[in-house]
Amino acid sequence: MTVTAQPAVGEEALPGATGPTPRRRTGRVRRIALPYLLLLPALLLELLVHLVPMVIGIVMSFKELTQFYIRDWGAAPWAGFDNYSLSVDFDAPVGEALLHSFFVTCAFTVLSVGLCWLLGTVAAVYMQETFRGRGFLRAIFLIPYALPVYAAVITWAFMFQRDNGLVNHVLHDQLGLTDSPSFWLIGDNSFVTLLVVSVWKGWPFAFLIVMAGLQNIPKELYEAAAIDGAGMLQQIRRITLPSLRPVNQVLVLVLFLWTFNDFNTPYVLFGKAAPEAADLISIHIYQSSFVTWNFGTGSAMSVLLLLFLLVVTGVYLILTSRGRRAADV
Amino acid sequence: MRRTRAAAASAVTVSLLAAVTACGGGSSTDGGSNDSPKTLTYWASNQGPSIEADKKILTPELKKFEKDTGIKVKLEVIPWSDLLNRILAAATSGQGPDVLNIGNTWSASLQATGALLPWDAKNFDKIGGKDRFVGSALGSAGATGSDPAAVPLYSMAYALYYNKKMFADAGISGPPATWDDLVADGKKISKDGKWALAAEGSNPSENIHHVFVLGKQHGADFFDADGKPDFTSDGAVAAVKQYVDLMGKDKVVAPGNAEYAQNQSLQDFAKDKTAMVLWQTAATTLKSHGMSDDEWGVAPVPVQSGGPGSGTAVNSMVAGINLAVFKNTDNIDGSLKFVKFMTSDAEQKTLNKTYGSIPPVTAAQEDPAFNTPALKVIRDTLAKSAAPLPQVPNESQFETAVGTAVKDLFADAAAGRPVTTASVKEKLSEAQQQMPKK
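Residue numbers (the working numbering), protein chains in the order written: chain A, 115 to 443; chain B, 2 to 439.
Only chain A is shown next, with the shape it has when bound in the complex:
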C-alpha cells in the first residue's frame, strides 16, 4: 500500500510547480508534500483499522455469504441488492423484525440518552457547591463508569432474576408493590431492565463531562447574576445551560452513538436471543449474521445502520453548527 500511495503524493506537486529555478521548485514540492508525508502513517493505519473492514463489510453485503461459502468467500455468488431488499421488505418477517428492532432501539436510545444527560447534569450542578464529602460522592458516582461492563451487567442480570433476584425481593417481598414476582429478563419488562442498566452505566460519563464543562464557567457571571437578583433556576437557565452548550452538543452525540450501538448490555443480560421488547438493533444484526450464519444479510443490515447513523450525525452536526454560528453573530 505504501508503494501505491507515495508516488501520488510526489506526483501531484509537479504540474503545479511553475517556479523558474529548480531550487524554488524542489522547495515548493517539499513544502506541499511534507504535511502529507507526515500524515501518511496515520492515514495508512486509519485505512487498515477503520476503512478496510468497512469496505469489506459493504462488499459482503452484496454477496450471498452463507455457511456454504464462508471458507472461501471470494467464491460466494453476488447477490445484487437481494440482501437489502430482504432487509427492507417490511411486510415479510425478516424486514418486519428489523423495523421493530429499529423502533425499539430508537425509543431506547432517546430515553436512555435523555435520562443519562438529565441525571448527569443535575448531579454535576449540585456537586458544584463545596460541601463535606463532595470528593467521596463524586468518586462513588463514577464507579459504574469505571467497572468492567461484563462484570457490572452480569451482576444486574442476577439482581433481576425472578425467583432469587434482589429487585423482586425488594419490590415484591419487602414493599409488596406487586401481586406476584415480575419477570424482568423475559417479556415486556425487559425493556425497563435494559433502560435501567443502560442509564446506570451511562450517566456517570455525562456527569463527568458536564462537571468539566462547569469548571470553565467564570464565577463572576454567577456573582453578577446574583447581584441582579437572579435565583438558582434563573442562573441555571440563563448562565449554566447556554455556557454548557458546546459541551452538551458533543456529549449528546457521543451518548447517542454509544447507546444506539450498544451490544454488551443486551447480550450479557439476555443472551443470544433477546426478548422482542428489548431486541436492540446491534444484537438483532448479530443474530442475523453469526447465529444464523447468514453474513450477507447481516452485513446489509449493518450497512443500513451505518447509513442511518451517518445521516443522523450529519444532520445533527449541520443543525448544531448553524445554531452556533447564529449564536456567534
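Keep in mind that the hints were calculated from the coordinates and are not lab data.
Please note that a few of the clues may not be correct.
Chain B stretches covered by chain A per the calculated footprint, using a threshold of three residues with CB under 8 angstroms from any CB of chain A [to be verified]: (1) 111-122; (2) 388-400.
Per label pair, the in silico range of CB-to-CB distance [as the list claims (entries may be wrong)]: (3) B:E427 x A:I331: 52 to 62 angstroms; (4) A:L371 x B:K39: 49 to 59 angstroms; (5) B:A423 x A:C220: 26 to 36 angstroms; (6) A:G228 x B:A423: 38 to 48 angstroms; (7) A:Y259 x B:A423: 42 to 52 angstroms; (8) B:Q434 x A:G228: 31 to 41 angstroms; (9) A:D205 x B:A423: 18 to 28 angstroms.
Stretch by stretch, here's where chain A covers chain B in the computed footprint (C-beta under 8 angstroms, at least three residues) [what the hints assert, rightly or not]: (10) 84-96; (11) 258-272; (12) 423-435.
Idealized CB from N, CA, C, for every residue including glycine.
With chain A held as given, fit chain B onto it using these hints.
Chain B in isolation, oriented as in the chain A frame:
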C-alpha cells in the same frame, strides 16, 4: 490544492482496493499437508465441571499419545459459549486447529462449510473401520447420504432424573412412563412452592431438544425429505404446545423456569424444589450440588403411550460430541493417528467413564462401568429409542428460530397469557419465514 486532493483520493482508493482484494476470503487449498508432523493442536469442548478440570483429565491422555507416537498435542479447552464462533472464524480464515470437538448437532451445518475432512472409507480404515461405531451415533455425524464430517467421540441421551424423597413425600411409587402419568403425578407434587418438572425455558438449544422429540412422538419432523423447513405441521404445533403447556396449562413446571438458561434446574432439583428433570448426564453436577447418588433415580423419558421404541415412541435425541479433523491441517497423518487414539477401545473407556457418557464404540460399551442403573437407561435409549436431530445444513438456524419461538411462548405462559394452537402456529410460522430461502 484541488489536484492534490484528487490525487490523494485516488491513492486512497487504489490502496483500499488492493487491500480488499488481498484480504478476499480464506484459503481455498483442499486437503491437509504434512508440513509439521511433530505437533498437533486440539480444541476440546468443555465436558467436565470446568475448563481446568478438563485440562487435568485430558493432559495425561495426551501424554500417552505423545509417548506412543512422538507427536506433541497442544490442548485448548474451549467453553461452549465460544466454540461455534471459534470454529466459524477458523473456517473463514483457514487458521484453525488440526483436530477439534464439535457438538454432534452441528455436524451437517459445519459439513456444508467444507472446512472439515470428510470421513470416506479410506480415512475410516486408518482408524479401524466404520463398523466399530454405534449406528445411531454415526447418524449424527453429517448429512444422510454423504461421508460423515466427523467421528463420534462421546455419546449421550436424555433420561428422566427423579428426586426419590420428593416422590415418596407425594406418595408416588415410581417414575412416570407416559406424559399423562407425568402430568397426573406432577399435580400431586406441584404445591407449597414445590414443582414437578424443570425446564430451561430461555435456552433455545434445550427447547429444541425436547420439542424435536415431542415432534417425533406426534409423527412430525421439522424438515421434509428435501431438507426444507416444515415447522407448522399439526404434529409440530402439537409438540410445541404440549411442551409449553406443561407450564401454562398443566402447571407442573414453575413459571420462573421460563427465564432459566444456566442449568438452574439442577440446583432446584438438588434442593428438593423440583422433583424431575429431563437431562443428559446430570450425575456429576448433582454431586457437586451436594446430592448423593442414592437420592435420585433414572428412568426413560416419557412417551405418549406404551413404552419407548422407534417411530412415534422415540424419547431422546442422539446427543453427543464428535471429533473432526480440520481440512487445512498441516499434519494430516498425525491428525488421523490422534483420532485413532481417541477412539481406541482403551481411551474410549477411560474418557467416557470420567465424563459419565457412553462410548459410541461398540466394543468399549461392554465394560461393566457402563452398566450402572443410570447409564443402562441411557445406553438402552441410545440403542433403541433415540433419533438424531435433523442432519441438514440449516440445523443451527432451526435451533435459533424455533428455540427462540419456544422461549417466547414460555414467556407468555409464565406471564399467564394463554398459549393456544393458533398462537403456537403463528410463532412457528414466523420462525419458518426467517429461515434462509436457499
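What are the numbers of the hints that this structure violates, sorted from low to high?
none
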